[in-house]
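Residue numbers (our numbering), protein chains in the order written: chain A, 1 to 111; chain B, 1 to 114.
The hints are simulated quantities; they were obtained by calculation from the structure and are not laboratory data.
Careful: at least some of the hints might be erroneous.
As the list claims (entries may be wrong) - Simulated crosslink set (SDA-like; lysine to any residue; CA at most 25 Å straight-line):
hint	chain 1	residue 1	chain 2	residue 2
1	A	K3	B	F60
2	A	K3	B	Y104
3	A	K3	B	Q44
4	B	K13	A	Q42
5	A	K52	B	T102
6	A	K3	B	R57
7	A	K3	B	F45
8	A	K69	B	G42
9	A	K3	B	N56
10	A	K3	B	K13
11	A	K3	B	R55
12	A	K3	B	G40
13	B	K13	A	S41
Stated by the list, open to error - Restraint-style ranges between C-beta atoms, simulated for each label pair:
hint	chain 1	residue 1	chain 2	residue 2	range
14	B	N77	A	N30	33 to 43 Å
15	B	N71	A	F100	22 to 32 Å
16	A	H40	B	T5	19 to 29 Å
17	A	K69	B	P8	39 to 49 Å
18	B	L41	A	M10	17 to 27 Å
19	B	N56	A	G29	34 to 44 Å
20	B	A80	A	T65	41 to 51 Å
21	A	S25	B	L112	32 to 42 Å
22	B	R15	A	T65	29 to 39 Å
23	A	N53	B	L114	22 to 32 Å
Ideal placement from N, C-alpha and C gives every residue a C-beta, glycine not left out.
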Amino acid sequence: DAKTTQPPSMDCAEGRAANLPCNHSTISGNEYVYWYRQIHSQGPQYIIHGLKNNETNEMASLIITEDRKSSTLILPHATLRDTAVYYCIVRVAARANNLFFGTGTRLTVIP
Amino acid sequence: EAGVTQSPTHLIKTRGQQATLRCSPISGHTSVYWYQQALGLGLQFLLWYDEGEERNRGNFPPRFSGRQFPNYSSELNVNALELEDSALYLCASSSGLADQETQYFGPGTRLLVL
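Looking at chain A on its own, in the form it has when it is part of the complex:
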């Protein structure tokens, strides 16, 4: 699976959009981009994933660049409960097994 690079930490004002970047320059054509988050000492929570098209669900939007070498997770209106470590993971989805969690981005939402 391709390696990802994320900033170690970010701050965001409550109510504003949080934009979390991820670089995955070695991504292969059959690898998906997944985002999870982990709120302190809880199990990781799945947020969203995509292959090459932008995706949106009730939690977030995922913007993948045309060359697929980077992506951005957007939380449209950050709340204090969005404070967590966010992980960007690139993996082959078809019968893949384990996820490789890097160090992620620690997002702090500030009141």
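Since chain A is already given, all that's left is putting chain B on it; use the hints.
Only chain B this time, still in chain A's reference frame:
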């Protein structure tokens, strides 16, 4: 729909003992994954079970083992506990279908080895 459940939530053992952790996947999911998250460290893949078989294991010694039952629930056993086994143990499940394979995590079992 119930999510992935794990028991117990906390477990305290002494060095040399055995620990058994349990996981129930989301209904309809056939794959179960185990991960270890030691304090201050990232999640490390332990084991993957699918349809009752061990499909892959991470870089952990053989004293970490497990099994998957016919109802797809799973146990993780850790023998001869060492202090460094203290960690949050996370279970995830996925549908086992060929496409997409999103893993959904449980709340974890926090194991403390004294």
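Outcome of the hint check:
no.: 1; hint: A:K3 - B:F60; result: holds, 22 Å
no.: 2; hint: A:K3 - B:Y104; result: holds, 21 Å
no.: 3; hint: A:K3 - B:Q44; result: holds, 15 Å
no.: 4; hint: B:K13 - A:Q42; result: holds, 21 Å
no.: 5; hint: A:K52 - B:T102; result: holds, 17 Å
no.: 6; hint: A:K3 - B:R57; result: holds, 20 Å
no.: 7; hint: A:K3 - B:F45; result: holds, 16 Å
no.: 8; hint: A:K69 - B:G42; result: holds, 24 Å
no.: 9; hint: A:K3 - B:N56; result: holds, 20 Å
no.: 10; hint: A:K3 - B:K13; result: violated, 36 Å
no.: 11; hint: A:K3 - B:R55; result: holds, 23 Å
no.: 12; hint: A:K3 - B:G40; result: holds, 21 Å
no.: 13; hint: B:K13 - A:S41; result: holds, 20 Å
no.: 14; hint: B:N77 - A:N30: 33 to 43 Å; result: holds, 35 Å
no.: 15; hint: B:N71 - A:F100: 22 to 32 Å; result: holds, 29 Å
no.: 16; hint: A:H40 - B:T5: 19 to 29 Å; result: holds, 20 Å
no.: 17; hint: A:K69 - B:P8: 39 to 49 Å; result: holds, 44 Å
no.: 18; hint: B:L41 - A:M10: 17 to 27 Å; result: holds, 21 Å
no.: 19; hint: B:N56 - A:G29: 34 to 44 Å; result: violated, 23 Å
no.: 20; hint: B:A80 - A:T65: 41 to 51 Å; result: holds, 49 Å
no.: 21; hint: A:S25 - B:L112: 32 to 42 Å; result: holds, 40 Å
no.: 22; hint: B:R15 - A:T65: 29 to 39 Å; result: violated, 50 Å
no.: 23; hint: A:N53 - B:L114: 22 to 32 Å; result: violated, 51 Å
Hint check: violations occur at hints 10, 19, 22 and 23; the rest are consistent with the structure.
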